[in-house]
Amino acid sequence: MYGYQLRQEFEGRTGATWPLNIGQVYTTLGRLQRDGLVVELDRQQDGSVVYGLTEKGRDEAARWWTTPVERGAPARDELAIKLALAVTLPGVDVRAVVQRQRAETLRAMQEYTRLGMRTDEATLDGVTATDLAWRLVLDSLIFAAEAEIRWLDHVEQRLARARASASAPVDRPTDPPAGSPTEPQAGEGLRVPSRGRGRR
Amino acid sequence: MSARRWRVGRQATPGEGPEQAGPPCLELRAVTRVHGQGAQQVHALRGVSLSVRAGELVAVMGPSGSGKSTLLHLAGGLDEPTSGEVLLDGVPITSVGSGRRAALRRRTVGYVFQDLNLVPALTALENVMLPRELDGVSIRRAQAEALAALAEVDVAELAGRFPDELSGGQQQRVAIARALVGPRRAVLADEPTGALDSVTGEQIMRVLRHRVDAGAAALLVTHESRFAAWADRVVFLSDGLVVDATEPAAGPELLLDGRR
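Heads up: the protein sequence lines correspond to chains A and B, in order.
Residue 153 in our numbering sits at position 134 of the first sequence, and the numbers go up by one each step.
Residue 124 in our numbering sits at position 80 of the second sequence, and the numbers go up by one each step.
Please keep in mind that the hints were generated in silico from the structure rather than gathered at the bench.
Glycine residues also receive a C-beta, built at the ideal position from the N, C-alpha and C atoms.
The reader is advised that the hints may include incorrect statements.
Stretch-level coverage of chain B by chain A, calculated; a stretch enters the list once three of its residues show a Cβ under 8 Å from a Cβ in chain A [as the list claims (entries may be wrong)]: (1) 266–272; (2) 275–286.
With the C-beta cut set under 10 Å, the calculated list includes, among others, these residues of chain B facing chain A [claimed, not checked]: (3) M105; (4) T138; (5) T244; (6) E246; (7) M249; (8) R250; (9) E291.
What follows is a list of derived Cβ distance ranges for each label pair [unchecked claim]: (10) E291/B with D139/A: 42 to 48 Å; (11) G238/B with T107/A: 36 to 42 Å; (12) L98/A with G180/B: 43 to 49 Å; (13) T138/B with P87/A: 56 to 62 Å; (14) P136/B with V156/A: 44 to 50 Å; (15) H87/B with R114/A: 15 to 21 Å; (16) T107/A with L178/B: 56 to 62 Å; (17) G143/B with L108/A: 54 to 60 Å; (18) G238/B with T142/A: 54 to 60 Å.
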C-alpha cells in the first residue's frame, strides 16, 4: 500500500475526525521500516513506494489488537478545570456555567445524531465496512458527549447537596413546634421545615 | 432520497416559526401548575411557554422534580393548569367543555409511555384500533387505519401478536402506531426508550423521527441526552421553569468538513 493510500483509508474509516498529515505518514513508515515492521515491496518510477508488513510487523499488529489502550495520565480537561475553579471562587454562577456547557454539548450531540441519521439513510441498502467504521467513530463522539452531560448533571446535584448541607443549620428550625412532638413528617424526600402548624 | 427526507425535516425546523404554517399543533402559554395548598404547595410549573409544530420533534430534559411529567400531562390534557393555556391545533383545551375536551384530546394526541403501554389481552392490531373505535369509526375503517399505522412503523407483520409475544422494541413501535393512528398528528412520549437497550432505543427514536419528518408533531420527555439529541429542539426544565433551549446551528454538511 502507498503512503497516501494509507492516509485515505484511515480518513475514510474515521470520517476525517482526526486528520492525518501526509508527512507524518511517511515519517512513521520510515520508522516502521527502520524497526523492521514494514518493508518496501515496490518502487514506481515517480518514486512512490509500495509498503507491506513484515512477519514481525504482523505480530506487532496482532499484539496491538489484543492490548487494551492505556488510559495514561488524565488529559488536561478544560471543562473540569473550569468547574473546579468556579466552585472555589466567589462571584461565579456555577449553575449557569454548567447549563451553558450542557446546552452546548447537547447541541453538538444533535449534530452528531443528524450526521448519524444521514449516514444510516445513505447506507440503507447495505453497509460497507468503511461505513460501519465511521458509524462507530460517530457513536464514540455521541457517547463521550453523553458522558459529559451526565457528569454535568451530577455536578449540579452535588453542588445542590453541598449548598443544602452548608445552609442547613441556618434554615432548619432548632426545635420542632412545641405542641406537636409526634407530628408526621412532610412526606418522603421533600421535607419542608414547618413554620407554625402543619396542615393535613 | 435521504437528502430529500433530510430537507423535509429541516424545513419544519423552527426557531423563527413561519406564521403561514398555521397554529402550532401543540402550544403551552405561560402555564403554571401548583399542587397542594398552603405550606404543602409545590410549584411544579412556574410559567412555561412551549410550542410544537407539525414536523417538529421537541425534547424536554431536566432533573427529576423539574416538572417534565407535569408538563407532558398538561400538554395532553390529562391534567389542568393552575393558570395559562394549553392549545391543540390552536384551540384552547381549557376553553371547551370536558366532553369535547376529551374528544379533542383523543383525536389530536397520542401517548407513548415507558411501560404500561399496550392492553395485554388485545393483539397489536386491536391495540392500535382501540383509539379509533373510541372515536366511533367503523371497525372496518379502524382496522384499515391501524394496519396502515403499523406499516408506518414497520411492524405490520406483527399485527396478530399479543403484547407478551413482542420484544420491548416491537411493543414501543406498536405504541407509536397507536399514538399516531388515524388523524392524530401529535405524539407525547414519556421516556419511550427507558427500558430498552441502546441500539433498540435508537431504533425507536428513528421510527419517531421518521413519523415526525412525515408531518407529525412530537413532544418527548427524557432524561437521556443521547435520545434528546434526536430532537429539533431541546428544552431544559429546572424547578418548573424553562432555563435554556438548544437547536443545532448548522446543517450537518457543515460538520466535520473532511467527510467526503
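(message) Tell me the numbers of any earlier hints that the structure contravenes, in ascending order.
(response) Failing hints, ascending: 4, 5, 10, 12, 18.
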